[in-house]
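*Asks:* These are the residues of each chain, in order.
There are 2 protein chains.
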Amino acid sequence: MRWLFLLILSIASVTSRSIIPEIHSANAVSDRLIELVTQGSFRGVTYNRLAALADTIGPRLCGNESLTNAVNWVKDVMSSEGLDNVHVEEVRIPHWVRGEERALLLQPRKTKLSMLGLGNSVGTGPQGIRAPVLVVRSFDELNARCAEARNKIVVFNPQCDWKTKPIACYGSVVGYRVGGASSAAKCGAVASLSRSAASRSIDSPHTGVMAYDLSYPKIPAGSLSVEHADMLDRFQQRNQSIEILLYMEAQTLPDVVGYNLVAEVRGSSKPNETVLVSGHLDSWDVGQGAMDDGGGAMISWTVLSLLHSLNVRAKRTVRCVLWSCEEFGGVGADQYFNAHTNEIPTMSIVMESDLGVFHPQGLQFQGRPQAQQIIQTISNQLASINATQVVSGGGGEDISPWMQRGVPGASLLNDNWDYFAYHHSNGDTMNVLNSTDVDLAAAVWAVYAFSIADLDDLLPR
Amino acid sequence: MRWLFLLILSIASVTSRSIIPEIHSANAVSDRLIELVTQGSFRGVTYNRLAALADTIGPRLCGNESLTNAVNWVKDVMSSEGLDNVHVEEVRIPHWVRGEERALLLQPRKTKLSMLGLGNSVGTGPQGIRAPVLVVRSFDELNARCAEARNKIVVFNPQCDWKTKPIACYGSVVGYRVGGASSAAKCGAVASLSRSAASRSIDSPHTGVMAYDLSYPKIPAGSLSVEHADMLDRFQQRNQSIEILLYMEAQTLPDVVGYNLVAEVRGSSKPNETVLVSGHLDSWDVGQGAMDDGGGAMISWTVLSLLHSLNVRAKRTVRCVLWSCEEFGGVGADQYFNAHTNEIPTMSIVMESDLGVFHPQGLQFQGRPQAQQIIQTISNQLASINATQVVSGGGGEDISPWMQRGVPGASLLNDNWDYFAYHHSNGDTMNVLNSTDVDLAAAVWAVYAFSIADLDDLLPR
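As given, the protein sequences belong to chains H and L, one line each in that order.
Position one of the first sequence corresponds to residue 0 (numbering that gives the first Met the number 0), numbered consecutively onward.
Position one of the second sequence corresponds to residue 0 (numbering that gives the first Met the number 0), numbered consecutively onward.
Among the hints, erroneous ones may be present.
[Claimed, not checked] Straight line, CA to CA, 30 Å or less: simulated DSS-like cross-link-like pairs of lysine-lysine:
1) K109(L) - K269(L)
2) K109(H) - K111(L)
3) K162(L) - K74(H)
4) K109(H) - K74(L)
5) K74(H) - K111(L)
[To be verified] Residues from chain L that keep clear of chain H, each with C-beta distances beyond 12 Å, as calculated:
6) T67
7) D333
8) W416
The set of hints was computed from the structure by calculation and includes no laboratory data.
In this text, a Cβ means the ideal position worked out from N, Cα and C, and glycines have one as well.
Chain H on its own, in the form it takes in the complex (with noise of 0.2 Å):
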C-alpha cells in the first residue's frame, strides 16, 4: 500500500428490499462459496498458496526479476487450474535497486543504526556521507533552522500519537518519507534520514517510496528505526556531538518490462461487462510482502478459484488483476487503465485490497448512494461469518483512475489496527496472518464479487 486515502466513515444501515430483489437469487452461491473456503476443500489453500509465494520466491520488488518470477508462477497455477483468459498485459516499470547500505553512527559512539533506503533515492557514492547531523521534528522547525542543515545530514524525528491516531499519523509521517529529501537539500543539507512510519517498532526500520523535487539537488534519503532516531534526538537534546557514515549503493537503472497479470471467470450472459477484483503482486524487497500486498493479490486470486471449482459463473465476467508496480505510484495499474478506457462505461465495480487480508468486518465502498445501498443489501449474505459491516471510504492506488472516471470502488474492511508495525519492514511476513482470517477474507471478497456480477445491471454510478 503506497497511499492511504481512507475516510472511514461509518453509514447508517439502509435497506433496500424493493429495489434489487435478483440479489436474494444470489444467496445460494454465496453460501456455497463460504462453505467452500471456510470449510471445504479451499480451506487454508490461499495462505498456502500465498506462503509457497512469499517463502520460495520472497519479496517482489517492482524491475525485479523475483517479481516476474510470481507473475510466471501464478500464471502457470491459474493456467492449470483451468481459469479463463489468463494472461499478461506488458508496461513499462522503474528499476530501482538497493544494493548494500548502512548508517554508522560515529559521534559520540559507534554503532549501526538501524536504516533502510528509500526507493528512488540516490546513492551516496563509493565514499558515502559522512557528516554531523541535525535533528529536527518537523518542516517547521527545519525552515527555522534551514542555515544550521547546510552540510549536515537531516534526521527528521516526527512525533505522533500513533495508538490514538494511526490513520492521521500515518499521512502526517509519511509526508516526511516523501519529501523529506528534498526539504532538507533545500537548506543545503548532504543526506536525509527520516523516522519511520511505525505504529510500533523492535527496532524496525520501515521503506517506502520517496520523490525528488527537481528544483533542488538530489540528496540521499533513508529511513532510521523509531528507536535510533529518538536516540539521535536525545543526543541533540544533550547537546552531544553526532556524527554519522551514511553508505547507499541505490540507485535507478532503465525502466524494464513489467507484467499485470490477468485471469477471468467470464459472465454467462453479459461477458463484455466486469466486476474487476485486485491486489498487486509487487512488495518492497524486505520481508515476505505476505501483507502488503500477497494477501490481497492472493484472496483476488481465490475469487476465481472458487467460482471456477463450483463451475459458477456469474451473468457478469469476474477479472481478477494482480498489478505490477504499485509501491512505486500505481505504475502498472495506471498503464492498465490507460489501455482499457474503453471499458469505463462497462466497468461495474473495481475492487482492491491492499489494507491488510487479517479478520474481515466487511467492505469499505465508495460510490453513489444507490449503489451502496444495493452494497448494503448483499452485505446480508456475510451474516454467517459475521462480515456485513458496509463503510463509507476505501478504495486504492491502482484502482483509483477509475475511481476518479466515476466507476464505484470498494476494499476490504479488515481488523487492520496493526497493519502499520509491520508495512514495507522485514516484519511483512506470512507470520503476520492466519489462515482462518485469510479464508474469511477471501470469503468476503467473493460474495461481493459475484453477487455484483450477477446483478440484472451495472451498479449505479
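Please build the complex by placing chain L on the supplied structure of chain H, with the hints as guidance.
*Replies:* Same frame as chain H, but now just chain L:
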C-alpha cells in the same frame, strides 16, 4: 535476566498490625521518598540517567570495554553525589566476543536470515558451515530423527502459546537455546539454530547464553527470528530442500577483570546490618540493554540518591550493588557472595530488579510467613501510587546464592507482560520504557529498602 525463576503465587492479604508498629513511623519518610521521585526534583532523573548511559555507552556485554566504561561512569556520578563507600570489587568474568556473523539461506532461495549468535558459542571457522537443514519442533522429534541430523544444521522450532502462558513458554523455548547445540551435536549435526524465545516479533532475533555438554563436539549455535524459523519449517513441510551457509566469528577469549559496583547510605544505628538493592549493569551486546537490566540497575542507584538527597539514614545500611556479568550466569554476583558470606547473618534482605521497570504493582517476595506479614504491612505505604500488591515468588539470578542460604529476597512486581518481546534483542532500547513508570518503580524500590532497613530487627528468616 538470564533465568526466570518466577512462580507467581498470589497470596491472600495478611494483616500484622500487632507485630510491627515501628513500620508506621517510616510512613513520613516513605511519603517524602515517593513525592521526591514522582513530583519533586528527582522526577525523570532515573530515566534520564539510564538514557544517557544507554545512548552514550550503549550495550554492555560482559568482558567488553563498554561495561567497564559504564561502571566508571556510574561510579564517578555516585562519588560526586556524595554517596557513602562508593567502590568497585574486582571479579573475574568471561570474555565472549561475537565478531561478524551471518546466516544465509542458499536453498530454496537466497536470502539473509535474521540471526544472532548465542553467548558462549564457538565460531564456524573462516569458511563458515554450509550444510542442509533439518527442522525439528522438539527434543523428542530430534531424538526420533537423530540419524537424519548427521552433517546437517539442526533448526529447533518449538511451538508455544505465548499469549496465554508466556512464562512457561519462555522456560520451554529457552531450553532449546541453552541445550540445543549439544543435543544436535549428539546426533552428528554441524551447527544448531534455535527459534528465538520471543513472545512477539518483528523479525527480531533474540540472543542469550548457551552451554555445551562436553561429552559432545562443540558446534556453533545461533538463534533465528520466529519468522525465519517458521519459514524454514514450512519449506521442510513442503519437502523443499533447505541449505544454509552459517558464518560466525564467535570466540571465547581469556577471562578479564570485571567490577561489581557498590555504594551505600550507611545506617544510623546498625550500620553493619544491610539491606541490599541491586540490578545488573551488564547486558547483551544488542539494543541498549535498557530494560535488561539498565532499568533495574538505575532504580537501585536511585534508592541511594533519594535517601542521600533527603539526608535520611535508616537504622541499617542500604547498599546498592550493580552486578557484573549476570548474563553469563550471575558470574560477578557469585564471586561477591563468596567474598561476603560473613554478611549472611546481617543481611536483612536481598533485592534485585531484573524483570523490567514497567508500571509497578508492588513486590515479589520470597521468605518466611512472618517476614511476608511485615512486607505486607510496609506495602500500605505505597497506597498513594497504587503499588501495594505483594506476591510470593520472585528473586533474581544475582541474589539467588543469598536466598539459597535463607536470606529473604525480593524483586519488583511490574506490568512486564511485554518483556519477552524485547529482551536480548535489538528492541531492548529506551523506547520500551517510560519515565513516569520508571519513577514509580524507583519509588517502590526505595520505600521497601528504607522501611526494611529501618525496622527494629532484621527480617525474620
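*Asks:* Measure nothing beyond the straight line between the CA atoms of K109(H) and K111(L); if it is 30 Å or shorter, mark the hint as holding.
*Replies:* 24 Å, holds
*Asks:* Given the hint that K162(L) pairs with K74(H), does the C-alpha gap stay at or below 30 Å?
*Replies:* Judged against 30 Å, a Cα distance of about 39 Å means the pair is violated.
*Asks:* A cut-off of 12 Å on Cβ-Cβ distance, and T67(L) was said to be off the interface with chain H. Does that hold?
*Replies:* Non-interface label stands for T67(L): nearest chain H Cβ at 14 Å, farther than 12 Å.
*Asks:* Has the given pair, K74(H) with K111(L), been kept, meaning a C-alpha gap of at most 30 Å?
*Replies:* Status holds; Cα separation ~27 Å.
*Asks:* Below or equal to 30 Å on CA atoms is what counts here, so check K109(L) against K269(L).
*Replies:* The hint is violated at about 67 Å.
*Asks:* Against chain H, does W416(L) keep a CB gap of more than 12 Å to every residue?
*Replies:* Given that every Cβ of chain H is farther than 12 Å from that of W416(L), nearest at about 15 Å, it holds.
*Asks:* If we take the beta carbon of D333(L), is the closest beta carbon in chain H still more than 12 Å away?
*Replies:* 30 Å, holds
*Asks:* Does K74(L) sit within 30 Å of K109(H), going by the straight-line distance between their CA atoms?
*Replies:* Answer holds: K109(H) to K74(L) is near 23 Å, not above 30 Å.
Of the hints listed earlier, those the structure fails to meet are numbers 1, 3, in rising order.
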